[in-house]
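Q: Listed below, chain by chain, are the residues.
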Amino acid sequence: MSDFSAPDVQWGALSPIVVVLGAAVVAVLVEAFVPARLRRTVQLVLALAATAGAILAVALLWGGVKDDGGTKVLGGSVLVDGPTLVLQGTIALLALLSILIIADRTATGEDAFAPSAASVPGSDYEQLSRRLGLRQTEVYPLVLFATGGMLIFPAAGDLLTLFVALEVLSLPLYLLTGMARRRRLLSQEASMKYFLLGAFASALFLFGIVLVYGYCGSLSYAEIASAVQTPSDLDALLLVGSVLILAGLLFKVGAVPFHTWTPDVYQGAPTPITGFMAACTKVAAFGALLRVVYTVFPDLQWDLQVLMWVVAIATMVVGTGIALVQTDMKRILAYSSIAHAGFILTGIVSLDQAGITAVLFYLLVYGAATVGSFGIVWLVREKSADEILGEATHLSQWAGLGRRHPVLALAFAFFLLSFAGIPLTAGFAGKFGVFSAAVAGGDWPLALIGVLASSAAAFFYVRIIVLMFFTGPSGERDVLVGDGGGASTAAYVPPVPVVIGSDGTVAEMEPVGQVAVVTRPDEALAVLEGAEVAHGVTTTVVRSEGPALIAITVCVAITAILGVAPSGIVSAISHVAHFLP
Amino acid sequence: MHTLTAFAAALHTVPAAAIGPAGDTDLSGAGVYALAPALIVVPLLSAAVLLLLGRRTDRWGHWLGVLASGASFVAAAAVFLAMLGRPSDQRVIDVNLGDWINAGAFDLHAGIRVDPLSMTFVLLVTFVGTLIHVYSVAYMEHDTDRRRFFAYLNLFVAAMLTLVLANSYLLLFFGWEGVGLASYLLIGFWNHNTPYAVAAKKAFVANRVGDVGLVIALGLMFSHFGSVSFATVLNAHPSEGVATAIGLMLLLAACGKSAQFPLQSWLGDAMAGPTPVSALIHAATMVTAGVYLIVRSAPIFNAAPDAQLVVVVVGAITLLFGAIVGCAKDDIKKALAASTMSQIGYMILAAGLGPIGYVFAIFHLVTHGFFKAGMFLGAGSVMHGMDDQVDMRNFGGLGRYMKITYFTFMAGWLAILGIPPFSGYFSKDKIIEAAFVPQNGEDWRAWVFGGVALIGAGITAFYMSRLFFMTFEGQKRWSKKRDGGDQHPHEAPRLMTWPMIVLAFGSVFAGMILASGSRFVDWLEPVTGHTEGDPVLPTWVLIALTLAAVVVGLVLAWRRYAISTVPVVPPVGTLLTRAARVDLYQDSVNNGLLVEPGKHLTRSLVYADRAGVDGTVVGISRLPVGIGEVTRKIQTGFVRSYAASMLVGLVVLVVVVLAVQS
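From first to last, the protein sequence lines are chains A and B.
Take the first sequence: its position 191, counting from 1, is numbered 191 in my numbering, and each next residue is one higher.
In my numbering, each residue carries its 1-based index in the second sequence increased by 581.
Simulated from the structure, these hints should not be mistaken for laboratory data.
Heads up, some of the hints might be wrong.
Derived coverage of chain A by chain B (criterion: at least 3 residues anywhere in the stretch with Cβ under 8 Å from a Cβ of chain B; other residues may be distant) [what the hints assert, rightly or not]:
#1 155-162
#2 233-243
#3 308-321
Examples of chain A residues toward chain B, derived with CB under 7 Å [stated by the list, open to error]:
#4 K193
#5 F195
#6 L196
#7 L197
#8 A247
#9 D303
#10 L324
#11 V325
#12 A456
Virtual Cβ for every residue (Gly too), placed ideally from N, Cα, C.
Next up, chain A with everything else stripped away, as it sits in the complex (with noise of 0.2 Å):
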């Protein structure tokens, strides 16, 4: 009988992670200990210390990273070296803003989640839960769970860690798209989608482990590839089996043909867990397909360039092309981060070591913008008479946002623009990046194809900069104000809060009384047909608590930042950019 001996573990060396699971293991005895008034205070104050000291970990393990190329842990399975600090360090970042703005409330103490995600939507209980004061604090550690398994899933070296903080990563996602306050059949709904096809991903994920572990006899990615060096008569097991855990991996990150969860589960889940999701496990996600497309399969390079090409140009075109015939703003940022995952593809496909540099950059840009994005749609509200609704998410109720609340409007201009890669935004930067490293490994038609994608998705962004801004509304200059003596007069309207109607016209609400018609809605306002607004319902940035205003400034820092002087933070990332082999 063999003798039992502890391995030994390097914890150090696994800081950032053990930080963040461990806050959330002790956020669920929190659940449990702490009494209900203190326990909003207490799991946010854990979270934000979670994540920032994951940031801190990263930080004091950088310079000996730096110095020695990094270290294996736990016997190759969890691999912490440069590309793992930079990831871990901008999920851990995007983390703690997105904390920022789950934890935002508003002024009435309303947050982004059902205060019992279990109760019947309309349900006596549900309103019983209201009336109650119930709150959900369980986001919390659900977070942190996520977090925890997107930190690993970048630094994982082995196949089934890979599995493991895949499920880990996915499983408090699942739970926390569902638990939306507002539009809960919708926000259910995603769930149980993101669940089914989640599911269904993972099992292809583990069919395509047990064919590539039947090919190689391990898991370890260090001998897979070097098993993946010497032919044998078995490359068509290894081809399926690498191509099936490809499919896995570019489900997480949205990419064509395995982006149709994306829209819907954007759309249904709470504002800020979108954000969430879309910036961090992108960023975990794309961590662990780089690492695996340059140190796994690296030898198969001739057979899956095919496979990356096609995925990439669908993933830019379709993500592109959807999101030009969009109307609702969350489903279109569903969309540009579909593209994204193109663009981001393009530089991975390049093979180059200047494309680990450009991807891991273009993660941090795109993230900060997705972030704060998705924050800014958080504080646009519907409002009615006397009461804060849901988000305004469609396109119409943005329309004159910009005269309204020109700083809000400025600053989601400036993601906007940053998205569609205008320079001295940081999205420049990044696409630059990508698209040199793609040209420079020799794919220059995914460059180009890039470069077409991305000019007309500037359309589709610059189109919500001029709803925002140039397109009144009210439509002032067409507005005729009829008394109730039925004689009519031209007058001036000052701007007052309106809704476009289904039918698309443009109806003002405030003064009773008087009904304003647009008879001829303005040009720009067609393409808002459609719109599925109650009437009796404004437009308004609700007053919050603050955090996520935090958040957003420090995202639009991060942006603008990146854009002016990226060279710094470009340069910082070059000198730690290589996989261990």
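Fit chain B to the supplied structure of chain A, relying on the hints for placement.
A: Below, chain B without anything else, positioned relative to chain A:
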């Protein structure tokens, strides 16, 4: 932005900056040269204050403008005195303001060159500028935007000083554009009046044409010499071909800025600006920048005889052109503008003659700056007293009512005629003498250009006397005021008359003082070089001929406009008169040759853009939208179809991978 940085650098670093004369270690008076950047910075700051603080400065803003301009003059005078203390071969001082542009092979330091040539301009600009600032305080008193006017004037002074003090062509170009901007803003100062706004735009566009020349010249310099600093370019000894190309491009720039043929059409319309602007910018200083450019680039032109010939031809054409147009204009300001064009033609002609003429071009520029500014201010005074009338046919006999204006204007008039000992005599006569010197041993040039200059002097005497007599002598032909009342011409307030008096002293004595003992020649000679030559006729004959031509012109004008009755309604006139009234059809020519074809070109380009470019873009944009419309149908909302699409996609990918592999 770069230049702002340079100015900021000037503010902070100048006391410590490397200030040293070129090729000389004697630092006597070096401290004074540190004032040179302040010459530019002070009016610039004043303009910034006036523009940024806006209406809050309305009450005292104009005095701040006067003060800034005056401070610049005092500093300039201090620098000038320090410079006089140096031996004449050590009067070129470069003040480095730090690295400006450093990109690849292009490394340029922003810097200031203080030498006799630039100081001549600096003194003229700040002195005349300050006088006109003072004049404007009264002239613009009833304008609600007087503060903005002074801000623009200060901006102009700063830009003009940048132009003349720059030690590289690029910084010069910056000042060049700055004066263009100030000129545009000031011509269109009353832009609520559409024709005035149009005039401003016309000036701007015509100047752009010339500016392209300067930009191309900059490019040529960089490609051939690797630098655009004076230190490199002016000591480069280029081949004749390169020098000719650069020279012609510089001439194009000069034509735009100095209203020379064929880019002269904007100057007459530029009289839309307030009269002090006409005096300062469109007579005394800015329009002479072209002359400065050519004289500053003397080494390039010296190496390019063909370019020099073109310069002389342009000058000769313009001086006749302006003179002929001046004879037919009834608008006092437009007549003066035509005269300005003609006088600058003299300067350009002199500059084209090479070392024999450079000094006299600048000399005439200085005396012209005095007497023409004086006459413009006089015209402003007349307008002030005559309810803003400008038609000389409605003047007459005003000398009796406006004594100070009358006498100061008379000083300017005698000066421009070149009657000894008024200042114009000393400068213009020298140019005519220089034009009569054979160039390259070719006598025909001496006869042609000398002859043109001589005839021009005669015509000048005619039209300037016509202007003077129609305004101040003869019978009253006054029309009613705009409000229907009778005209009551009166002398202007003191703030307006004093600058006129000072300028009149300049008109009378400046030439005499500067010419005696060849002071001015000695002063400029180290920079521009100077040679003497023998005219084809003896000097005394030339002087006699010139004076004879002037007297003939004067007497003709006297008979026709002083002792006989001037019709209030302009007679039909000869064919030449009618042509001159419309500026010798220059607008029609421009319209037919450039504007109309340009319109057709833009129309066809717009059409091509709509049909071709836009059509392509719109067509292409249908593609992604179409893709979106088709693929969105897959997005049914049913999770089963999502899973199916994933599976189909996966199978396709697997098949593709396997197919490629085998």
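Q: So, for every hint listed, does it hold in this structure?
A: So, going through the hints one by one against the coordinates:
| no. | hint | in the structure |
| --- | --- | --- |
| 1 | 155-162 | violated (count 0) |
| 2 | 233-243 | holds (count 5) |
| 3 | 308-321 | holds (count 6) |
| 4 | K193 | 5 Å, holds |
| 5 | F195 | 10 Å, violated |
| 6 | L196 | 5 Å, holds |
| 7 | L197 | 6 Å, holds |
| 8 | A247 | 5 Å, holds |
| 9 | D303 | 5 Å, holds |
| 10 | L324 | 5 Å, holds |
| 11 | V325 | 4 Å, holds |
| 12 | A456 | 5 Å, holds |
Hints 1 and 5 from the earlier list are contradicted by this structure; the remaining hints agree with it.
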